Amino acid sequence: MEPAQTAAVAVLAARDISKRFGNVVALQNIDFEVYPGEIVALIGDNGAGKSTLIKILSGTLSPDTGTLLMRGKPVSFASPRAAREAGIETVYQDLALAPDLDVPGNLFLGRELRRTGLLGMLDVMDARGMRARAQAHLESLGVKIKSVDQRVDTLSGGQRQSVAVSRSVFWGRDVVIMDEPTAALSVAQSALVLGLIKRVRDSGTPVVLISHNLPHVFEAADRMIVLRHGSRVGTLYPASATMEQAVSLMTGALGAVTESREVEDG
Amino acid sequence: MTGAPADTRAPGRPRLSWDVALRLGLLGIVIVLAIVFTIAAPGFLSSQNLENNERQMAVIGILAIGETFVIITAGIDLSVGSMLGFCGILMALALSHGIAIPVALVAVLAIAALLGFFNGVLIDTAALPPFIVTLGMLGILRGFTQIFGNGQQIGFGNSAFTDFAADNFLGVPKLFWVLVVIALGAAFVLHLTRRGRHVFAIGSNLEGARRAGINVRAMTFLVYAISGLLAGIAGLLLTARQAQGDPNAGTGYELDAIAAAVLGGASLFGARGSILGTFLGVLLVQILTNGLNLLNFDPQVARIVEGALLIAFVYIDHWRKRRLATA
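Chains F and H supply the protein sequences, listed in that same order.
In terms of the numbering used here, the first sequence opens at residue 1 and continues consecutively.
In terms of the numbering used here, the second sequence opens at residue 1 and continues consecutively.
Don't read these hints as lab results, they were simulated from the structure.
As the structure is a prediction and not an experimental result, all values here were calculated from the model.
Be a bit skeptical, because a hint or two may be false.
Okay, the calculated bits of chain H under chain F, using three or more residues with CB under 8 angstroms as the criterion [to be verified]:
id, segment
1, 23 to 31
2, 306 to 319
A few chain H residues that don't get close to chain F, going by computed Cβ distances all over 12 angstroms [as the list claims (entries may be wrong)]:
id, residue
3, Asp19
4, Ile72
5, Gly203
6, Ala271
7, Ile287
8, Leu324
Taking lysine to any residue pairs in the SDA-like style, the calculated list, with each CA pair at most 20 angstroms apart, reads [said to hold, decoys possible]:
id, chain 1, residue 1, chain 2, residue 2
9, H, Lys174, H, Asn49
10, H, Lys321, F, Lys55
11, F, Lys146, H, Trp18
12, F, Lys55, H, Arg211
13, F, Lys55, H, Arg210
14, H, Lys321, F, Gln150
15, F, Lys146, H, Val30
16, H, Lys321, F, Asp153
17, H, Lys174, H, Lys321
18, H, Lys321, F, Lys144
19, H, Lys321, F, Ser156
20, H, Lys321, F, Gly195
21, H, Lys321, F, Gly157
22, F, Lys55, H, Gly213
23, H, Lys174, F, Lys55
24, F, Lys144, F, Gly195
25, F, Lys55, H, Glu207
Yeah, the Cβ is synthetic: ideal placement off N, Cα and C, and Gly gets one too.
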């Protein structure tokens with residue numbers, strides 16, 4: 001599909017980002033952008049700089065040089081919390097859920113709703129309100145679990161990941177970053193989560209997807225940004241590119257010049 | 001596109017029924033023990049014996065409530081027994097020097113909360129294991145207690161203080177009312193408030209809680225300060241009851257506090273436990289100790305049973321956790 005997003009303003013963009021750790025150049029003059037209504041995947045071999053870029057986008061690291069833009073306006077995040085408050089949610093690889101809490105407990109973890117009035121002043125939670133909103137939210141995303149009253153550790157891996165993704169969408173007003181959301185999931189469970197990610201996009205929240213699993217990326221992503229040795233070496237579209245092309249770019253067998261299509265104009 | 005709303009009351013919520021079963025099972029054991037002792041030990045239901053039990057239960061119960069907060073964060077506080085003794089001696093010394101009760105009370109409890117807070121600082125900020133920090137504190141506080149008390153009981157002629165421990169309110173010892181009020185307050189905080197929820201979240205997934213924006217550091221300080229404060233209160237109550245400061249008071253009480261919490265469903269792996277469960281656990285420990293005592297068993301038998309029960313319950317909890325992990 002021919003991208004119509006060249007005209008659109010990126011929801012989140014990085015311009016000319018560099019990051020070094022001592023003598024190691026983790027990222028070199030990287031540009032990145034995610035547009036409204038798309039799933040953009042970051043792909044690259046181990047050490048390509050995916051994690052570093054994600055950490056910069058989510059406020060965990062700050063870049064040495066370069067700027068972050070949200071809807072064209074420069075922003076900087078001093079902490080993950082600052083990024084979250086700006087509307088960027090991250091789903092971490094190792095499931096940052098509290099397994100002993102139920103689904104609403106996890107959806108609202110750290111941001112529990114308070115009752116109104118005196119009870120609210122006494123820090124009392126609005127358990128009923130959280131439950132109702134959690135249930136409505138999961139239904140709207142088509143996440144099927146027997147009961148939201150279940151503790152998360154009684155759910156399947158795919159269901160758990162779905163809860164984690166749902167949580168990020170619930171709070172991520174602008175962008176949701178997903179770090180290896182299908183790692184350690186069975187085929188069926190992965191399909192469940194990939195379907196959910198697409199529904200997240202369709203519901204209007206753009207997604208940044210990081211995955212080692214190329215078939216998953218090709219299935220879910222609208223666009224792929226390829227990193228190699230800390231540089232961006234190309235942009236591919238699953239609709240027109242092949243996995244061989246992606247692998248060639250990732251490993252350097254194919255030069256950065258032979259991208260399938262280049263639409264970026266800086 | 002979703003048609004009928006999903007069935008939210010689907011059957012088969014195994015974890016919930018496990019918790020309920022555990023609570024009911026515990027209640028069952030308590031009732032059975034009470035019946036057995038009522039039949040076998042004539043004095044068991046006498047009002048004097050009941051009152052004694054209630055007073056003793058108040059002291060252990062308040063310790064165990066503090067311990068429950070700590071255990072739910074997947075921590076442990078071994079210093080509660082020593083804290084109890086330390087605060088008892090401080091109070092006895094203060095009163096024997098003629099310091100007014102309210103002043104002494106506030107000062108001693110402030111010290112208790114501060115020492116608990118310091119446990120929290122060492123655990124969170126210095127990243128030391130709770131087991132080691134509070135074991136060290138156990139030794140330190142007991143040592144100071146013996147030095148301050150000069151190894152001896154300290155009397156103080158303050159009848160207003162000791163009367164409180166002897167008096168009843170509505171036919172129930174005032175000490176027991178203190179336990180009831182603290183238990184209700186603790187249950188409110190732990191089960192209904194956001195901060196209470198954060199205590200569970202920390203015990204369930206420390207890093208996840210941190211990433212979710214929960215102030216793990218402040219909560220750790222708070223939880224250990226609560227445990228210290230409650231141990232201090234227990235120390236004051238025991239001192240009032242014994243009408244003297246005893247440098248050996250509270251020795252070994254950490255076993256009672258931990259056992260009561262664990263028998264009541266608190267998991268040493270964290271994120272599990274309740275004030276009601278702990279209350280039942282204290283009841284079980286108290287009835288067991290008292291009943292065996294009335295039946296003329298060596299007092300140490302109760303400790304043997306208590307220790308064995310603690311190990312058995314932790315084993316069951318471990319088994320449950322492993323089964324869940326492989327499920």
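Each hint, compared with the structure:
{"no.": "1", "hint": "23 to 31", "in the structure": "violated (count 0)"}
{"no.": "2", "hint": "306 to 319", "in the structure": "violated (count 0)"}
{"no.": "3", "hint": "Asp19", "in the structure": "violated, 10 angstroms"}
{"no.": "4", "hint": "Ile72", "in the structure": "violated, 10 angstroms"}
{"no.": "5", "hint": "Gly203", "in the structure": "violated, 7 angstroms"}
{"no.": "6", "hint": "Ala271", "in the structure": "violated, 4 angstroms"}
{"no.": "7", "hint": "Ile287", "in the structure": "holds, 30 angstroms"}
{"no.": "8", "hint": "Leu324", "in the structure": "violated, 6 angstroms"}
{"no.": "9", "hint": "H:Lys174 with H:Asn49", "in the structure": "holds, 15 angstroms"}
{"no.": "10", "hint": "H:Lys321 with F:Lys55", "in the structure": "violated, 33 angstroms"}
{"no.": "11", "hint": "F:Lys146 with H:Trp18", "in the structure": "holds, 18 angstroms"}
{"no.": "12", "hint": "F:Lys55 with H:Arg211", "in the structure": "holds, 13 angstroms"}
{"no.": "13", "hint": "F:Lys55 with H:Arg210", "in the structure": "holds, 16 angstroms"}
{"no.": "14", "hint": "H:Lys321 with F:Gln150", "in the structure": "holds, 16 angstroms"}
{"no.": "15", "hint": "F:Lys146 with H:Val30", "in the structure": "violated, 35 angstroms"}
{"no.": "16", "hint": "H:Lys321 with F:Asp153", "in the structure": "holds, 10 angstroms"}
{"no.": "17", "hint": "H:Lys174 with H:Lys321", "in the structure": "violated, 40 angstroms"}
{"no.": "18", "hint": "H:Lys321 with F:Lys144", "in the structure": "violated, 25 angstroms"}
{"no.": "19", "hint": "H:Lys321 with F:Ser156", "in the structure": "holds, 16 angstroms"}
{"no.": "20", "hint": "H:Lys321 with F:Gly195", "in the structure": "violated, 31 angstroms"}
{"no.": "21", "hint": "H:Lys321 with F:Gly157", "in the structure": "holds, 17 angstroms"}
{"no.": "22", "hint": "F:Lys55 with H:Gly213", "in the structure": "holds, 16 angstroms"}
{"no.": "23", "hint": "H:Lys174 with F:Lys55", "in the structure": "violated, 57 angstroms"}
{"no.": "24", "hint": "F:Lys144 with F:Gly195", "in the structure": "holds, 12 angstroms"}
{"no.": "25", "hint": "F:Lys55 with H:Glu207", "in the structure": "holds, 16 angstroms"}
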